[in-house]
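Listed below are the residues making up each chain.
Protein chains: 4
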Amino acid sequence: MKKLNIGIIGLGRIGKMHLENLVKLPEYFQVVSISDLARTDLATIADHYQVPDYYHDYHQLLEDSAVDCVLIASATSTHAQIVRDAALASKHILCEKPLDTDVNRIKNLLTFVKQAGVQLQVGFNRRFDHNFSRLRQYVTDGVLGNPQIIKISSRDPEPPALDYVRHSGGLFFDMMIHDLDLMRYLAASEVTTVTAKGAVLVEPAIGKLGDIDTAVVTLQFANGALGVIDNSRQAVYGYDQRAEVFGDKGMAKADNDRQTTVELNLATSTQLDQMPHFFIDRYRDAYLNELLAFHQAVVNQQPVSVNGLDGLRAVQLALACQKSFDSGQTVTISY
Amino acid sequence: MKKLNIGIIGLGRIGKMHLENLVKLPEYFQVVSISDLARTDLATIADHYQVPDYYHDYHQLLEDSAVDCVLIASATSTHAQIVRDAALASKHILCEKPLDTDVNRIKNLLTFVKQAGVQLQVGFNRRFDHNFSRLRQYVTDGVLGNPQIIKISSRDPEPPALDYVRHSGGLFFDMMIHDLDLMRYLAASEVTTVTAKGAVLVEPAIGKLGDIDTAVVTLQFANGALGVIDNSRQAVYGYDQRAEVFGDKGMAKADNDRQTTVELNLATSTQLDQMPHFFIDRYRDAYLNELLAFHQAVVNQQPVSVNGLDGLRAVQLALACQKSFDSGQTVTISY
Amino acid sequence: MKKLNIGIIGLGRIGKMHLENLVKLPEYFQVVSISDLARTDLATIADHYQVPDYYHDYHQLLEDSAVDCVLIASATSTHAQIVRDAALASKHILCEKPLDTDVNRIKNLLTFVKQAGVQLQVGFNRRFDHNFSRLRQYVTDGVLGNPQIIKISSRDPEPPALDYVRHSGGLFFDMMIHDLDLMRYLAASEVTTVTAKGAVLVEPAIGKLGDIDTAVVTLQFANGALGVIDNSRQAVYGYDQRAEVFGDKGMAKADNDRQTTVELNLATSTQLDQMPHFFIDRYRDAYLNELLAFHQAVVNQQPVSVNGLDGLRAVQLALACQKSFDSGQTVTISY
Amino acid sequence: MKKLNIGIIGLGRIGKMHLENLVKLPEYFQVVSISDLARTDLATIADHYQVPDYYHDYHQLLEDSAVDCVLIASATSTHAQIVRDAALASKHILCEKPLDTDVNRIKNLLTFVKQAGVQLQVGFNRRFDHNFSRLRQYVTDGVLGNPQIIKISSRDPEPPALDYVRHSGGLFFDMMIHDLDLMRYLAASEVTTVTAKGAVLVEPAIGKLGDIDTAVVTLQFANGALGVIDNSRQAVYGYDQRAEVFGDKGMAKADNDRQTTVELNLATSTQLDQMPHFFIDRYRDAYLNELLAFHQAVVNQQPVSVNGLDGLRAVQLALACQKSFDSGQTVTISY
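Residue numbers (UniProt numbering), protein chains in the order written: chain A, 1 to 335; chain B, 1 to 335; chain C, 1 to 335; chain D, 1 to 335.
Derived from the structure by calculation, the hints contain no laboratory data. Each hint can be trusted.
Okay, derived cross-link-like pairs now, SDA-like style, lysine to any residue, Cα gap no bigger than 25 Å in a straight line:
1) D:K253 <-> C:T261
2) B:K2 <-> B:Y28
3) B:K16 <-> C:E27
4) A:K253 <-> B:P276
5) A:K2 <-> D:P52
6) D:K253 <-> B:A267
7) B:K323 <-> A:V331
8) B:K24 <-> C:E27
9) C:K208 <-> D:N146
10) D:K249 <-> C:P204
11) A:K3 <-> D:K24
12) B:K24 <-> B:N289
13) C:K24 <-> B:P26
14) B:K3 <-> C:K16
15) C:K24 <-> B:L25
16) A:K16 <-> A:H130
17) C:K114 <-> C:D310
18) D:K24 <-> D:D281
Taking CB as the label site, the calculated pair distances span:
19) A:D57 <-> D:D64: 39 to 49 Å
20) C:A267 <-> D:A267: 35 to 45 Å
21) D:Q50 <-> A:V299: 10 to 20 Å
22) A:V299 <-> D:V103: 50 to 60 Å
23) A:S77 <-> D:Q50: 37 to 47 Å
24) B:N223 <-> A:D57: 47 to 57 Å
Computed from a predicted model, the values in this text were never measured in an experiment. We treat Cβ as the ideally placed atom computed from N, Cα and C, and that holds for glycine.
Hey, can you work out the whole structure from these sequences and the hints?
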């Protein structure tokens, strides 16, 4: 198995997590360089994780011919430019979602990447989750027959900082985009209409910023199936991540993971163990599997499992949800 | 505790079931008469269940001054007239849903019943289900805080006969009406808008009758909460009845009942026991509790737990769902 | 279906419960008489449940030729004599466990009953529990293959009154006897050895009476299988009733029932609903099914499902457990 | 945090697994050398995992002053000698279970290791399992009160090769030793008596070797608690690993892990996902946590979490079980 030399661009919370995961996969990846525009502790990080090179300017990282591929975890607004530059430098790319916020810009970008002949995988990590990938397997194996109703509950344990919300692009774009991608993954069909209802029930300050914190979106699919996603910015009991596929041959549902299987029976209550509270804990294996899938696609020159078109579609859906919410009516999507 | 003399009007499948339940409650009810327009075996049934009197014409049943109350389980189209006649005869009434299909007729009926001074309970039996009433209890006790998202999955094991579908009033009116009532029960708030999406995915012949067999309805409530109901006429794995309430203090979800708690571990699979297949099995206790609640309200002269207004609201919601489905857009309800 | 006229002898807690169950089964049983040596409110009870006759002396009840069968729920010490008298009067018998505390007396009694040609069913109600009968079904259907390990946990919610303990015959005889019978039912084989370990961990006063409140018993079966029962007089979290059968083709385990399927997720814990606290709640259906099984055996002249030999074996096993506990060593049982 | 240089002695299945785990923990361990008496592919393995040195003779590994600690995963019969040599060379030791099969030899060994002033941790990995450590936490936190009944089910998916069985020391020594250690861990008390019952129900050839494949062992603890372990060499449905602690304040039980939380509902059955089939999958995290605990103890000069006395006790218990099984009677253990 070929080991890939990888460079990481952007070392915020997500970039750092990917770094820690990559060093746990020494048979697959060698982290040869890291870059971040703003961090002042790059030398310390590089030393701690035994990364040979570090840069503030990602262009330097791309100039290193020893780099096979890059992982882009910088700010969303920089994704398109860095993807373009990486493609130009013939590096295979694993880019965090979303690719961009503008549909036409993404379309142009995908054309460019295709011409450059490099791989581009988009960071929808939930496709690699053990529970959700089992649901998908049941769909593609035909165990459930034709999907008819698909449901996703996705609720954060607590709302993000208001400053984050201000630049997030809104709930549909920042949070539900994961679920919109997961819907396409589970339905194995494209969405034709969305109807988005939302409310400010958690944090009034979020409403003052023109955003919402609670939403229910209904989807219709090209194959006739119906879907529904519900989101909340605050589930006080933890990070609630569930999905269900109902088809003409059966139904499969994925419940939350819990830290242990222990059931505690006390005089006044019977308690189950807690669910993982933080997305990095909940999707720990998913993030590792995402990296392994990227490795396999690059090394074996196979199609990536979440490609640029998937990245585009998710953005189109999020924008349609916003439009439906603003208008109060159902929106038919044109691709 | 006062025992009530009860007469049953209409001995189809549901009327028969109520009869069987009533004789299991000898401390609460004495079935003193039954009536049915069409059955030719009334004498046999009366004999088997030791019911003193039987009639083809329900007016005769109403004339018996020994009758304290009636249970109406006749065809929907006869409900309004029989309720009116029973009220005129000063009998307390437990009437199967729906009261009628016309909103104005129901409003007039409720006025009439009120003036007659009799109790009217509507047969939304699911409110008395052990699981759903526990959810409701958590809402009213404040355990969950303010409800923000409410979800109901309600799927039949198999589609009804086409002839039944033809006269059913459609999925929203015949099937979802139970869930629409349950939504109001769990939200403790009135619905302001509905958005109904539906499809024919189970049985094309249902589509040819102008009806649908699969639906997802989104609701907005006066208190800001969002709700979603999904219905299917055919869940091949059984009678799927679940609900969930998500609030700012917690979330409670009711899963399906299963016949036993036994988990069977075999070489190729781990299996849970089956869920009850038929609504009479699934809601066995709910039907008994419904009768006991009616008994208590009548004997103690307390308000019934599902009153005429509840019956009206459910019909209004079902009609709004149909209108939304037909128009493809969100419908705001005016009461 | 033939309706049976039944008389109840002994109206303590259990006799009263049987009375209430019998009136819920009006198609199967008519309670024609009740008797109790000590109660002063027999007239009131008879009136409330519409029982025509009542007696203090059970001999009078037996003299009534309209009585088809009797349910004996009097004190244990009276069982043998009443069974004998009822058999002599040609009444079919459903007798609460245990038949007696003396093995030879039971053997003589069984011979007598057999000669009288009446049916005798012993009140091991747990065989009729939905969970445990499903386990048994898996055994007899061969789904699990040959049973190899059988486990029963049976724990009371709280210890009985000391005065009850004093006359109970001890934990093995009073409490574990149910589990010993259930073991034979699930193993479909006879026990060859028992090894009983016990302790006083719950209530020192029980120890002062020479009894124990906690026990673990290991059993070896004629078919080679091994079994283990654990008992406690006090499970602070409820009435804990579980069983498991492990065979060469699979394993099935019955967990506790819970009042609802609701899962409550709060900020600090996820809670399941409570288990039924009291044996009459937990085994509600089992007690009804027990009566129906008795009805069917008598009416169809089929063998009863828990016969006199089963009653004998349970007593033999309880006595062997006591002997093992006293000696600290394994005891081989001779039948 | 200090990184430890570690050498691995013995590269069979377990040694190889530890090697793979150690390279996933680059912040804690550097594998500097491996040794194995018999393997001919040491150079290939060393190259693949980037291990600088490899030897056939472990003495050479011990001579390297850069080695801080060793992990011993060689054949059981060599453990005592290698532990002694490693201690003499002042290396901290993580040794697979059992330390030896002879109680006196272990006692002498522990004295020697103590005098050498090195750490010795014994490889009872299950103490580090997420489920079982949660149970232990509930015991030590007092959540369950005083333990009264402790139960462990531990069943392998399939019997080992007969050649393995021949040299395994028997079921009690080879398999149940893990559960005997877990019992002490969960009871937080020493065992006073054991009563072992066993049978040959799985594989007659195992019986011909004088061993058994099925066992139930009852234990009495110094604190009065009772325990029971059941073992089988073949659970056709998977690797069945469960435990339960019942105390005077509550009960906690750990069920099996399953690969996902997905519940699959089909027309004929409802299925849960499979449990991990192989002990390396089941205890994946436990093996990693075991290494981290060893790291922490050595680096911080804290007591190891599974010490030499724990290793001794487990052997004493396994020998007592064998003695009880052979005699058919309860055995009181003298330490």
